[in-house]
Each structure stands twice: as structure tokens, then as C-alpha cells.
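Novice: Here is how the chains run, residue by residue.
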Amino acid sequence: MSEIIIVPHAKIYAYILEKFSDGFNYLLDITAIDYSEYIIKQEEDFALVYILRHENFKEHLVLKTYLPELKIETISDVFKGADWLEREVYDQYGITFVNHPNLRRILNHKEFIGHPLCKSYPITKGQFLYETDDLLDEMNNRLLSKSVVCKLESGSFSECNKDLMFLNLGPSHPASHGTIRTFVALDGETIECAVSEIGYLHRGFEKSCENHTYNQIVPYTDRLNYCSAISNNIAFVKAVEEMLGVAINERIQAIRVMLLELSRIEDHVVCLAAVLVDMGGLTNYWYMYNPREDIYDLLSKLTGARLTNSYMRVGGMANDLYEGFEADLQEVIKKVQYGVAQTLSLIKHNRIFHDRTQNVGVISAENAISYAMTGPNLRATGVAFDMRKDAPYYGYEKYKFDVVVGSVGDVYDRVMVRFGEIDESIKIINQVMQNLPEGEINVKNASIALPKKEAVYTTIEGAMNQFKLTFEGVKVPLGEHYSSIEATNGELGFFIVSDGSGTPYKVKVKAPSFTAMSAYPEIVEGGQLADAILTLGSLNIIAGEMDR
Amino acid sequence: MELNSPSLEVAITTTLDEAIGWARESSLWPMIFGTACCAIEFMSVAASKYDISRFGAEVVRFSPRQADLLIVAGTITYKQAPILKQIYEQMSEPKWVISMGACACSGGFYDNYTTLQGIDEIIPVDLYVGGCPPRPEALIDALLSLQNDLRTNKYNPNRHKDFKGRLDHV
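Residue numbers (the working numbering), protein chains in the order written: chain A, 12 to 559; chain P, 696 to 865.
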């Protein structure tokens, strides 16, 4: 279980500021817990949780503060990333952040009444939206803050000195990658101001977790970042296993590392294919997407599903590697390498590609950290933060690989970092497969792993064990825990509160796409409209993970 | 046979319908309303291995005004619903709707406060494709079945005339 520091609510701002100057300058997540139905009576019904990471990237801190009233000071002036995170807490729990610049709903729609993650809100109570938010008030505030217009004494706005045109990019737009909406004010082709609206794919993952058992949640995690489903499975079961205090053997660890890296490749190829299509380079799509199909074939042979694999279980995985897996894997890797080589031969020395991507959509390292960007997007700015090196798990320290970093933080760097990471992932996969340990693929613990089928059919103990584990779930000890891995888009973390039963009391995902998206309006402002499209593609925003 | 004889009239109408059906069958222009995982599977349908262009439906247009087949691929939330309705209304007749995947058909396993329990609460649907997500073959099967119905003129243009969605009263 994570060590949790309890801070009085009046001192939380000062405490975070103090920790900030001690080097905890990276805000991973903010969330709240509604304790009103918790098995042990807590000081107050609501508590806020802040998760911070040190600038050495090795340590993290979990702070908790109990709230006597649903109000607390904002920390959005300390961390830029806190802006959206606090809005989410306000939206889901109704906690007000005093002095927050733009406290409004973010995931749920504007006509929504109530706060769905409160325990008193019924899970199936849906509310129709009749009219989409026009975002004009948010845009006005943004225009004011950038001094494009000024406020007159009469309360109205001054004449704008520019001929602005307002345009919606999304949510139904081919380049918005599904469901992201950005409302822009254009001066010619230049974006003067941008505001983004998310939540169009908010499918209530966190609320659904509260009425499913731990293993039933695994299929839900598939659909967070659906481009690399298995890495979400692994992040979740890793958090649960750590709460259980169960050690998994080297074979399970090695297979998980290999599948994490394969997922990374799978995700990067689709991101790169899409960003090159956004640029007009359609040929690359075929080169990059075909190896993805080969990965699908391999995974469906292994797990039974192409995209949403649900391969992991608490304490292990669904089944072992099949005979001949390694040969198939080598074949797939060859095809990935071929696709990457062909694509690079088309773009590496291509003037159009360079002109379209270099010094476009730039974010500085300092800003990226303030927005709590992670993964390839952060590494593209030159910050070598990689959980696999800085806080290794599953024996990553044994494998030889490099952390690929950029220097400018532009679209070019983000694309090239991903190309580099595909190579590094292949290196890791090869090292794992050369030395794959033998062993069981599930922990030997009747209260965690399902019994063997023959035991279920022939013995009463086996049948009861199967029944109890399936219906009641794996019983996780009382406590609160944060755990994370280096997923494709960066640090993917799960904060789980357990009340000792087979169902989590609360689950919160620290989603890398969420924080990356919060930086997007600032990145695209001042740039060209067509470059905003490329920037979005290169950040690899996956709506399922961002909106949850 | 005289030109105004009833039997000839029938023969001519049938032939014209057949000609239209044949033309429609092989020139479906899909508009992808892709929101989630199913949209990634649609990418596979469009890519070279499954290649939807073999069936004459590869002209994927993201403008609803140019499309006649709406493929809703992915979860539709209450927040997204008015946009889906607007896109559907912007498409000109004749138009068809394929609901791809469990979420679009019924809300799937997202039975909660934010997910629309099936797009047919908002817009009329012609074909439902199950699966979470469906395999590319399943979507191609739906397309072929739609084409078959178009060829044989099974679709009544007034089939959704009485449809009333949950957002229609406003």
C-alpha cells in the first residue's frame, strides 16, 4: 500500500508549495474520495488526494486532506496541469476550488445535474443533453486573458482589432481523432485563441468499477487506451497485486514485459500512420497499418481477440503462450521493421515532411512538466523521464535499451521519438524471448487465481473455489494505493481504494492523454490551423483513456 | 403491345428500380461517426487487408452532406447524442445507418449514467452489428447485406417516417 501523508485542509496549499520547492514539481493526479459508505467511519465524508512526483522521477508522494466543507484552495497557479484535474474533481464530486480561473464541468455535459461519482448518485441514472455547449463564454475569457479584446466599463467587450473567425474543430471531424472538440478563433489562418472541450467519450469507467469485481474490471481497462489494450490490463492488475502483497514469478513478469513492448509498438504504428495521413502522406498508412494487422493476428491467436484482449488476470494471465509463439513473434517483428523502414525511407529526408513538422507545435520542457505531460510527448522535449529506467518494475533494469529523447518538443521530435521507441521495444522483446524463464502463469494462491478446470469439475473444493472467486471476486485488503507503469502514452497509474471486499470502493486512472490534452490549446495558439491538426495527431490523444 | 398497356408500364418501372438499385448498391459513400475502439477496427476495414473498396464503398467522406451511409462506430454518450442527431439530419435522403458494435447498438457493458443505451433512442437504425468491437468481417457482412437489400429494392423509403427519437421533441 502507498504511504499516505494526511495534511490538514487549511494547510494543504502551503504544504504543496513547500513540497514543490523541495522538488516535487510534477503533479500526477488530483482526485477525491467519497467516504460516506465506507466500511470504517472517516474523519469527514470527503477527502481530496494529490499525487506528486519528484523531479528525479523516482519518488512519488500521496497526500490526503479531509474536507469539512466541499471547498478548498486551488493549486492551478502552481501547476498548469491542475486546471483540468480540479475541474474534473468539481464535475465528478462537486468540490469547489476557490480562485480557480475556470471552474466548470469537463467530462459531463452542461445540462447534467448532480455529481456522478458521489456514492449517493445512482449509477444508471442517465441524463439527456438537448443542446451542445457553444463554449462562447470560455472563449470570451480566453480572448480577454490574451488581450485580444478588452472589457469596457459598460460590461461589454471592446471592438477587436483583428478580423476573427470562429471555427469548431470537432467533435465530429476526421482530424479530431474521434471525439475531441477544439473551438478556435482564427485571424486568417492563424489561431489566436483555442479552447478544447473533452468528455464526449466519458463512459463512466470509474463509476462502473465500483460495482464490478476486480477481474471483471479487466475488460473495462482494455477500452481505456484501446490502441494498446494489454498495457492497461497490466497497469491495473499490477496495482491490485501490489495491494494484495503477492509476488508474481519471473515468467509472468517476462511475458508481461514482452507484451507491454509489443503493445507499445502496436500503438506507435497506428499513431504514426494517422499523423502521416493528417499530413497527406497516405502511402505511409498502408506501410504502417499492415504490420499492425500482423500484430492483431498474433494477439488473436494468443488471447482470442484482436483489439480488446483482456489477457491479464489478477495474479497472472488467462493462458500461457502457445507452441510456436516465438516463431510467429519473430515473423511479426520482421514485418514491423519492414514497415518502419519503408516509411522512414519516404519521410526521413523528405523536405515537405521536415517543413511541416520541424518547429511546429512546440512545447518547452518546463511547460510540459508543469502540464504533467509524460511518455513520448515529454521525452520529445528532451526530458529523459521513463518509468522503465527511473522506477523499474518487472525486471526492466535487466534489459539493455535506450531512452529516446528529442530536443525541441515539436511535432518532428514526437514523431521521431516514437520511431526510435519501436526499435528499442524490439530490442527488449528479443532480450526477453532469448531468456524466457519457465514457470506457472498464475500465482499459486486459491484466494487469487482460479483453480484448474479439472479440479472444478471433479472436486467440491474446486467448484466452491471457482464459485466464490467468480461471484465475490478477489478480496483485496483494506487500504489505498497508487501504482503506475510506463504505458505507451506515458505514466499510466491506478489509484485504488479498497474496503476489503471483492469490489473496489473507488478507482481513479491517472491517464496520460488527459494531461497532454490540457496542454493542447496553449501549444496550438499562435500557430497555423493546419499545424494544429498535426499537433493533435502527434500527441496521440486517445479519447477512451482521456475521457474514461 | 401498345405503349400504354399496364403490363409494359410495370416492366419499365421494375427495370428502372433495378437500375437504381444496382447503382446505389455499388456506390455507397460511408460517413464514419467513429468515436471509440470500433473506429480503430474500422481503420482495419479500410486498410489493405480487408479493403472495403473491393465492395465499392471506400469513398469515406467525413462530410455528412456527401454521404449516404452513416456508420456509427463506437460508444455514444449523452454528451455526443445531439451531435450524432445533427450529423444524421445533415445527410440527404436516401440514407442508411449501420450501428457498429455493442455500445452503439445497446450501450454495451456501459450501463451507467453517461452512456446512451443504444443509438436507436436518437436516430433510426437499419443494421446492427454486434461485437465489442466487431471483427472487420462482421462489418463487411453488414455492408454486403445492405447492398443485397439495395439491389433487390427491399428498402422502403418511408420506413422511418414515424420514427421519433428522444431528442426529437425539441
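Just so you know, these hints were derived from the structure itself, not from any lab.
All of these numbers come straight from a predicted model, not from anything done at the bench.
Hints are supplied without guarantee of correctness; some may be wrong.
To be verified - Non-contacting residues of chain P with respect to chain A, defined by C-beta distances greater than 10 Å in every case (computed):
hint: 1; residue: Glu720
hint: 2; residue: Ala742
hint: 3; residue: Ser743
hint: 4; residue: Lys744
hint: 5; residue: Val754
hint: 6; residue: Asp806
hint: 7; residue: Arg830
hint: 8; residue: Asp836
hint: 9; residue: Asn843
Said to hold, decoys possible - Straight line, CA to CA, 30 Å or less: simulated DSS-like cross-link-like pairs of lysine-lysine:
hint: 10; chain 1: P; residue 1: Lys744; chain 2: A; residue 2: Lys136
hint: 11; chain 1: P; residue 1: Lys780; chain 2: A; residue 2: Lys346
hint: 12; chain 1: P; residue 1: Lys744; chain 2: A; residue 2: Lys121
hint: 13; chain 1: A; residue 1: Lys345; chain 2: P; residue 2: Lys780
hint: 14; chain 1: P; residue 1: Lys744; chain 2: A; residue 2: Lys312
hint: 15; chain 1: A; residue 1: Lys121; chain 2: P; residue 2: Lys780
Even for Gly, the Cβ is constructed at its ideal location relative to N, Cα and C.
Novice: Taking the hints in turn, state whether each one holds.
Specialist: How the hints compare with the structure:
1. Glu720: With a cut-off of 10 Å, Glu720(P) remains clear of chain A, as the shortest Cβ separation is near 25 Å.
2. Ala742: violated, 4 Å
3. Ser743: Violated: least Cβ distance 5 Å, not greater than 10 Å.
4. Lys744: Not fine: 5 Å to the nearest Cβ puts Lys744(P) too close to chain A.
5. Val754: Given that every Cβ of chain A is farther than 10 Å from that of Val754(P), nearest at about 13 Å, it holds.
6. Asp806: The claim breaks: Asp806(P) does not keep its Cβ more than 10 Å from every Cβ of chain A (closest is about 6 Å).
7. Arg830: About 7 Å separates Arg830(P) from the closest Cβ of chain A, which leaves it inside 10 Å; violated.
8. Asp836: holds, 16 Å
9. Asn843: holds, 26 Å
10. Lys744(P) with Lys136(A): violated, 42 Å
11. Lys780(P) with Lys346(A): At roughly 42 Å apart (the allowed maximum being 30 Å), Lys346(A) and Lys780(P) break the hint.
12. Lys744(P) with Lys121(A): violated, 42 Å
13. Lys345(A) with Lys780(P): With Cα atoms ~45 Å apart, Lys345(A) and Lys780(P) exceed 30 Å; violated.
14. Lys744(P) with Lys312(A): holds, 17 Å
15. Lys121(A) with Lys780(P): holds, 18 Å
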